[in-house]
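Just so you know, we're using our numbering here: the sequence shown kicks off at 7 and counts up by one.
The set of hints was computed from the structure by calculation and includes no laboratory data. Please read all numbers here as calculations on a predicted model, not as lab measurements. Among the hints, a few may not be true.
[Unchecked claim] Okay, the calculated beta carbon distance ranges per label pair:
| no. | residue 1 | residue 2 | range |
| --- | --- | --- | --- |
| 1 | M399 | E195 | 28 to 36 Å |
| 2 | Y395 | T311 | 19 to 27 Å |
| 3 | L44 | V95 | 19 to 27 Å |
| 4 | Y267 | R402 | 43 to 51 Å |
| 5 | V297 | F157 | 27 to 35 Å |
| 6 | A370 | G253 | 15 to 23 Å |
| 7 | G253 | L391 | 31 to 39 Å |
The beta carbon of each residue, even a glycine, is placed where N, CA and C say it ideally should be.
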Amino acid sequence: MTDDGSKLLHHRTIFDDWRSLTIGIYMALAGYAVMVGLPVISTSWVNNLGFSEVQVGYVTSADLLGLAVGAVIAYFTVAKYDRRYLAVVAAGVAIAANLLCIYFQSYDLTLVLRLAAGIGAGLYTGIAVATIGGHSRPAFAFGLELFAFAFSQAGELKFLPYLSVEGMYVAFAATFVVGLMFISWLPREPAEPALDVELDVAEPQGNHHVEHRHVPAYVPWLVLTAVVFTYINIGGYWAYIELATVGTDASSEWVASMLVYTSFFSLIGCLFAVLLSNRFGLSKPLLVTLVFQASIVLMLIFGITNYSVAFSMFAFNFCWIFVDIYQAATISNVDRSGRYVSLLPAAQGLGNGLGPGAAATVLAWGVGYNGVFIMCAAASIIAMLVYLYMYLMLKREIPALADAS
């Protein structure tokens with residue numbers, strides 16, 4: 007409870023049902039599947055279809071751009087229309103586009119079809135995260151989603167290389183088909199209106215009453231802006247962390263192994279993120295984590311060794327999960343309708359795309375990888391400042407929301 011004697015009320019709704027949470031998590035994993043598998047499928051496009059490296063880059067961009075476009079479509083529709091119908095349409099587009107890629111394998115047609123597949127996946131994913139965010143304990147719900155994502159990512163990258171490019175298309179389509187078999191588990195509409203919260207307010211006499219408060223529209227947009235800057239840091243760091251170790255005291259074999267093993271460290275991050283949010287709320291741990299993440303990146307300026315790069319990767323993955331859970335849960339607390347939550351894939355995709363480009367620009371200036379690390383750290387600090395501004399504004403206007411878990 008805050009100093010003014012109020013706390014945010016979390017009502018249990020249909021979104022707390024295990025079936026709703028399960029289908030939401032599954033749909034998120036299915037929607038992100040192509041994005042996760044792009045490193046593998048890109049190689050297959052080159053080896054099996056004869057695409058050039060430049061063409062692969064454009065096709066990959068089309069897929070990711072489509073994901074962002076689909077998430078934007080979800081923003082405009084997820085709080086207005088029946089989500090089951092929307093999910094069926096989204097899955098239908100993704101299934102059709104993936105299967106058509108088997109029969110139309112020219113570069114031009116693949117480019118168009120991957121854009122369409124991305125749009126279907128983006129709408130599907132937007133519905134999924136809106137469903138997860140509808141849970142009365144959003145940090146817990148997104149913690150479960152990211153825990154499942156770690157295993158899904160590892161399994162996908164393990165088994166996709168054994169498939170032909172046609173087999174990959176079928177596998178991606180099949181994930182959407184499975185989701186349609188359980189579409190009845192998906193809630194049809196939001197349980198609460200957009201940008202409206204309820205507060206349990208304690209009176210001086212010891213009684214309590216409920217107040218409805220409207221959340222200023224700038225709040226979710228500030229969160230999404232911070233997500234973009236956070237993912238500029240993440241995208242730039244992961245695009246160049248392996249290349250940055252070439253010619254240093256860190257061995258290439260060690261770095262390659264750390265890329266695999268450190269990804270599982272995020273599982274521990276899921277547990278700690280939920281425990282800390284229950285004790286301290288979302289905002290304070292998030293602010294500290296973003297500063298710590300910036301420090302993790304900056305430490306590499308002072309030398310890259312086997313130990314420093316291992317610590318950096320482990321800590322970065324740990325913090326990555328913290329930030330993801332807190333960002334998603336924060337925007338879910340702000341907007342229970344799921345409308346703004348559905349934009350998370352678009353904000354993440356935008357930042358993830360801008361990060362490597364910004365890092366490449368820094369390298370083009372001739373300042374080396376130290377400049378890249380400084381750029382990544384600066385992006386994390388900017389995200390922290392955006393959240394700090396939002397926290398201070400909410401602390402003044404709706405303290406219970408500022409310190410909500």
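Comparing the hints with the structure gives:
| no. | hint | in the structure |
| --- | --- | --- |
| 1 | M399 x E195: 28 to 36 Å | 30 Å, holds |
| 2 | Y395 x T311: 19 to 27 Å | 37 Å, violated |
| 3 | L44 x V95: 19 to 27 Å | 24 Å, holds |
| 4 | Y267 x R402: 43 to 51 Å | 44 Å, holds |
| 5 | V297 x F157: 27 to 35 Å | 30 Å, holds |
| 6 | A370 x G253: 15 to 23 Å | 19 Å, holds |
| 7 | G253 x L391: 31 to 39 Å | 34 Å, holds |
In terms of the numbered hints stated before, the structure departs from hint 2 and from no other.
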